[in-house]
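Enquirer: From first to last, the protein sequence lines are chains A and B. What the first sequence shows, in this note's numbering, is residues 10 to 502, in sequence order. What the second sequence shows, in this note's numbering, is residues 10 to 502, in sequence order.
Just so you know, these hints were derived from the structure itself, not from any lab. Treat the hints loosely; a few may be bogus.
Under the rule of at most 27 Å between Cα atoms (straight-line distance), these lysine-lysine pairs were calculated in the DSSO-like manner [what the hints assert, rightly or not]:
id: 1; chain 1: A; residue 1: 293; chain 2: B; residue 2: 482
id: 2; chain 1: A; residue 1: 138; chain 2: A; residue 2: 276
id: 3; chain 1: B; residue 1: 325; chain 2: A; residue 2: 109
id: 4; chain 1: A; residue 1: 325; chain 2: B; residue 2: 180
id: 5; chain 1: A; residue 1: 304; chain 2: B; residue 2: 180
id: 6; chain 1: B; residue 1: 304; chain 2: A; residue 2: 47
id: 7; chain 1: A; residue 1: 325; chain 2: A; residue 2: 360
id: 8; chain 1: A; residue 1: 300; chain 2: B; residue 2: 109
id: 9; chain 1: B; residue 1: 180; chain 2: A; residue 2: 185
id: 10; chain 1: B; residue 1: 109; chain 2: A; residue 2: 360
id: 11; chain 1: A; residue 1: 33; chain 2: B; residue 2: 117
id: 12; chain 1: B; residue 1: 117; chain 2: A; residue 2: 363
Protein chains: 2
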Amino acid sequence: VILLLEKLDTNRTIETKEYNAAMKRLQRELAALQLKVKELEIPILIVFEGWSAAGKGTAISRLVYSLDPRDFNVYTMGKVAPSCSNRPFLCAYAANAPSKGRMAIYDKSWHRISLPEGQKAWKLKPAEKKGFYHDVNAFEKQLADDGTLIIKFFLHISKDEQKRRFDELEKNEATKWRIVERDKIQNKNYGKYTKYFDRMLTQTNECPWHIVAADDSKFAALMIYETLIAEINAAITSTTSPDKQIEMARPTETTQNSILKNVDLDKTISNEEYNKKLQFLQSKLSNLCYKMYAKRTSVVIVYEGWDAAGKGGNIKRLTQELDPRGYEVVPISAPTDEELRHQYLWRFWNKLPKDGHLTIFDRSWYGRVLVERVEGFATESEWRRAYQEINDMELHLANHGVVIFKFWVHIDKSEQLARFESRKVNEWKQHKLTDDDWRNRDKWGDYEAAVNEMINKTNTAHAPWVIIESNNKKYARIKTLEIVTEQLERMLS
Amino acid sequence: VILLLEKLDTNRTIETKEYNAAMKRLQRELAALQLKVKELEIPILIVFEGWSAAGKGTAISRLVYSLDPRDFNVYTMGKVAPSCSNRPFLCAYAANAPSKGRMAIYDKSWHRISLPEGQKAWKLKPAEKKGFYHDVNAFEKQLADDGTLIIKFFLHISKDEQKRRFDELEKNEATKWRIVERDKIQNKNYGKYTKYFDRMLTQTNECPWHIVAADDSKFAALMIYETLIAEINAAITSTTSPDKQIEMARPTETTQNSILKNVDLDKTISNEEYNKKLQFLQSKLSNLCYKMYAKRTSVVIVYEGWDAAGKGGNIKRLTQELDPRGYEVVPISAPTDEELRHQYLWRFWNKLPKDGHLTIFDRSWYGRVLVERVEGFATESEWRRAYQEINDMELHLANHGVVIFKFWVHIDKSEQLARFESRKVNEWKQHKLTDDDWRNRDKWGDYEAAVNEMINKTNTAHAPWVIIESNNKKYARIKTLEIVTEQLERMLS
Numbered sequence: 010v011i012l013l014l015e016k017l018d019t020n021r022t023i024e025t026k027e028y029n030a031a032m033k034r035l036q037r038e039l040a041a042l043q044l045k046v047k048e049l050e051i052p053i054l055i056v057f058e059g060w061s062a063a064g065k066g067t068a069i070s071r072l073v074y075s076l077d078p079r080d081f082n083v084y085t086m087g088k089v090a091p092s093c094s095n096r097p098f099l100c101a102y103a104a105n106a107p108s109k110g111r112m113a114i115y116d117k118s119w120h121r122i123s124l125p126e127g128q129k130a131w132k133l134k135p136a137e138k139k140g141f142y143h144d145v146n147a148f149e150k151q152l153a154d155d156g157t158l159i160i161k162f163f164l165h166i167s168k169d170e171q172k173r174r175f176d177e178l179e180k181n182e183a184t185k186w187r188i189v190e191r192d193k194i195q196n197k198n199y200g201k202y203t204k205y206f207d208r209m210l211t212q213t214n215e216c217p218w219h220i221v222a223a224d225d226s227k228f229a230a231l232m233i234y235e236t237l238i239a240e241i242n243a244a245i246t247s248t249t250s251p252d253k254q255i256e257m258a259r260p261t262e263t264t265q266n267s268i269l270k271n272v273d274l275d276k277t278i279s280n281e282e283y284n285k286k287l288q289f290l291q292s293k294l295s296n297l298c299y300k301m302y303a304k305r306t307s308v309v310i311v312y313e314g315w316d317a318a319g320k321g322g323n324i325k326r327l328t329q330e331l332d333p334r335g336y337e338v339v340p341i342s343a344p345t346d347e348e349l350r351h352q353y354l355w356r357f358w359n360k361l362p363k364d365g366h367l368t369i370f371d372r373s374w375y376g377r378v379l380v381e382r383v384e385g386f387a388t389e390s391e392w393r394r395a396y397q398e399i400n401d402m403e404l405h406l407a408n409h410g411v412v413i414f415k416f417w418v419h420i421d422k423s424e425q426l427a428r429f430e431s432r433k434v435n436e437w438k439q440h441k442l443t444d445d446d447w448r449n450r451d452k453w454g455d456y457e458a459a460v461n462e463m464i465n466k467t468n469t470a471h472a473p474w475v476i477i478e479s480n481n482k483k484y485a486r487i488k489t490l491e492i493v494t495e496q497l498e499r500m501l502s
Numbered sequence: 010v011i012l013l014l015e016k017l018d019t020n021r022t023i024e025t026k027e028y029n030a031a032m033k034r035l036q037r038e039l040a041a042l043q044l045k046v047k048e049l050e051i052p053i054l055i056v057f058e059g060w061s062a063a064g065k066g067t068a069i070s071r072l073v074y075s076l077d078p079r080d081f082n083v084y085t086m087g088k089v090a091p092s093c094s095n096r097p098f099l100c101a102y103a104a105n106a107p108s109k110g111r112m113a114i115y116d117k118s119w120h121r122i123s124l125p126e127g128q129k130a131w132k133l134k135p136a137e138k139k140g141f142y143h144d145v146n147a148f149e150k151q152l153a154d155d156g157t158l159i160i161k162f163f164l165h166i167s168k169d170e171q172k173r174r175f176d177e178l179e180k181n182e183a184t185k186w187r188i189v190e191r192d193k194i195q196n197k198n199y200g201k202y203t204k205y206f207d208r209m210l211t212q213t214n215e216c217p218w219h220i221v222a223a224d225d226s227k228f229a230a231l232m233i234y235e236t237l238i239a240e241i242n243a244a245i246t247s248t249t250s251p252d253k254q255i256e257m258a259r260p261t262e263t264t265q266n267s268i269l270k271n272v273d274l275d276k277t278i279s280n281e282e283y284n285k286k287l288q289f290l291q292s293k294l295s296n297l298c299y300k301m302y303a304k305r306t307s308v309v310i311v312y313e314g315w316d317a318a319g320k321g322g323n324i325k326r327l328t329q330e331l332d333p334r335g336y337e338v339v340p341i342s343a344p345t346d347e348e349l350r351h352q353y354l355w356r357f358w359n360k361l362p363k364d365g366h367l368t369i370f371d372r373s374w375y376g377r378v379l380v381e382r383v384e385g386f387a388t389e390s391e392w393r394r395a396y397q398e399i400n401d402m403e404l405h406l407a408n409h410g411v412v413i414f415k416f417w418v419h420i421d422k423s424e425q426l427a428r429f430e431s432r433k434v435n436e437w438k439q440h441k442l443t444d445d446d447w448r449n450r451d452k453w454g455d456y457e458a459a460v461n462e463m464i465n466k467t468n469t470a471h472a473p474w475v476i477i478e479s480n481n482k483k484y485a486r487i488k489t490l491e492i493v494t495e496q497l498e499r500m501l502s
């Protein structure tokens, strides 16, 4: 689809009398639909984009007029707080995504980062610029696939109308401040900006835009209401239609490549070598972290692995000599009820490291394709979709310059049993052994298949998996430290 | 208690051999205690304050060495993000308070806002300066009363030692950047700063400070470990001692002053007057909100009231003409599981308006002394304590210049019944009527007593209650709008 703004008529009008009658009906209709949306727990994300002075504020005011103010949030996303702008750019927007049954209205959006001033303000890195449209489309697709209704409006006005509005705002002492240099540049270079917007709209149209002729604000308001009502009705139909409930029954692929089976778990290390290397590598990593901070490079380390594989001890050795102000360990357990009301990646967006920091995830978003898959907490189509979603998210981080490590901490079944038994009798370690551990153990085969498929499908160039042989914990710790320090040294030099 | 730093010896030392032996024992002890703390779900908040270059970073590194990195967070609170600094100053700190069983370590804290540079950086208002120590002590008391173990360390070094460390840091190219002008000023004016710190420590000593002689970092580390272990042991004892479990049985006060009984609910308004006033007041409030924004004044409006009293419709009329980018409505329902793991005011700190914004709470922190009291979700000592806690929090907001409105939307019991019945038969309103509503109705008398006591005890000069007679909803809406517009007009002129 190629959208060409210049071919669209901005000047469509409506009689006041006709407008009043239609608006009354539409407002009532929307208010009724809002109740339905709440009942069906559909999250709705509405984006308002457009020319400066195209009337985004007015359009939002008109739209919320008939809504219950307890059910929506308006986010002004033109400027983004510095605390957000030193992370990958989608973080700030993802954090405000609506939860089930709520409506989030974005006054300006991630799309405008594609404009020249947006790229400048966000200081996009080359890889981020290159990946921009892919990342945006992937992000919107994820939310839509999760059931979020996304409705995107672009308010379109002509060059003359924009000029007229600027003049009017400038005449008035009270509104004068609202016109800044950037706005005037837009009007002066209307033709060039038409091209910028055309590109923005065309490239991000997988989740389609609604272009609203906005020279007449009343006409625009009606069109927005009608579009919204039609979209919500369609979403309600698809949510409640019986087809939706039937999960496609697809046979689980048998992964030929049995990655875990080929792992050599007999690797060991002598105590002497361990102590020597540990000290050397810990101190090296500590220095690398200061360098990371100075270079504003951030690092994400994901730990996944069998119960009792030694993740905790491994993380402890990795962090022991680091400045505690520079890293954070995020333990991931069952999602909270608020987290369950959002797409499953929502809870991770906010926990990503700021530039220059290190974040270690003790279990992670891979829960979607491991425990949630095996235990049936996610439907088959949900976890199958997740491989691509996760790859997209990690690519987005990598484009921002985040260095990503993913470790599968591996032991075999008999080693696990030995460790469980020793936990049973060791007073200090009893708290570590739960009924869940034994239940998970019974499903060893299912988990093994899930791990193999996970590694196969998410082992990307920008975020590769490394298997840490951990039958010997000391060997595992040294290997992890070696990989992190070597890779960081390469990246930071 | 008057703390006088100059009388304290900063120069206490320990032999390396002795240190190593003691440290090994203490680290093991602390690691064991951490498991216990997690099991007992005790939240621990540790504050590190002190002179520049006193070794706060080193002390924190040593401290966390033996801890499981999944169970603590370190917050560097020297600089605060702009998104936090345009709210009352405690917001930023309260947001990071530890949840049950977790440990939050603050590298620098709210206390240093009392220093000259802190007051400047935070742009404290006169009332905030005046109320500073009271607010800090009240905040710490609230957390402590809720079961948080707060441990505050002040690292104390001599003038000469500080000078020596600055020189050493400056000599090294890699650490030179860490010394800024502010640090040097501190050393030059060591005597003056001793007085600043003395005042800070003395005035905030209700939750007591531990002053650590830190010329010798090893001696300091030992003292920190020993203090921490002693404090945690004491907290464990008091948590598990049977005395703790016995709730003091105190008779509920019978409030003489039956505030609600004296409300005249027969007030009405004609449709004509309603329509005229509504339009006038809504447009007036809309203009006042722009003025609020320009003056960076923020407003909090709390709605409490009986089920079916008309809160929703009232809020809708109040917000209908406002720019949706300037206000937010926060509906408060049962706390999420994450919220339940914190002190009950935690979830509100983050939702307070930024300077220049309006936030409307549809139900609020008063749930503590209403539904939680009546339904027994809070113990008697918890809800009795809450009156003072709430007054303290509201005072903190008022000191920052936040304008606070608190409305009790009132109807009588027969009016409520009529509204319930009409909801039952009205298809559009059926969703509004739940079993809870009927159950609450059965407890009308209990709620009435709770409301009377609440209004009596939290009707302060800085945040007064207003009863909105709402048997006639239109009358109620106009009254609310009138009060808000009149008061705001006064405050903003």
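Enquirer: Each hint should be assessed against the structure and marked as holding or not.
Expert: Taking the hints in turn, this is what the structure says about them:
Our distance criterion of 27 Å between C-alpha atoms is broken by residue 293 of chain A and residue 482 of chain B, whose separation comes to about 70 Å. Distance restraint check for residue 138 of chain A and residue 276 of chain A: the Cα-Cα separation of roughly 43 Å exceeds the 27 Å cut-off, and the hinted pair is therefore not satisfied. With a C-alpha separation of about 22 Å, the suggested pairing of residue 325 of chain B with residue 109 of chain A holds against the 27 Å cut-off. For the proposed pair residue 325 of chain A and residue 180 of chain B, the alpha carbon gap of about 33 Å is over 27 Å, so the pair is violated.
Distance check on the hinted pair: residue 304 of chain A and residue 180 of chain B sit about 22 Å apart at the alpha-carbon level, within 27 Å; holds. At most 27 Å may separate the alpha-carbon atoms for a hinted pair to count; residue 304 of chain B and residue 47 of chain A exceed this at roughly 36 Å. A distance of roughly 19 Å separates the Cα atoms of residue 325 of chain A and residue 360 of chain A; the hinted pair therefore holds under the 27 Å criterion. Using a Cα cut-off of 27 Å, the hinted pair residue 300 of chain A and residue 109 of chain B is violated, with the two alpha carbons roughly 35 Å apart.
Straight-line distance between C-alpha atoms of residue 180 of chain B and residue 185 of chain A comes to about 53 Å, which puts the hinted pair past the 27 Å bound. For the hint pairing residue 109 of chain B with residue 360 of chain A, the CA-to-CA distance comes to about 19 Å; that is within 27 Å, so the pair holds. Distance restraint check for residue 33 of chain A and residue 117 of chain B: the Cα-Cα separation of roughly 56 Å exceeds the 27 Å cut-off, and the hinted pair is therefore not satisfied. Between the alpha carbons of residue 117 of chain B and residue 363 of chain A the distance comes to roughly 20 Å, so the proposed pair stays at or under 27 Å and holds.
Taken one by one, the earlier hints fail for this structure at numbers 1, 2, 4, 6, 8, 9 and 11, listed in ascending order.
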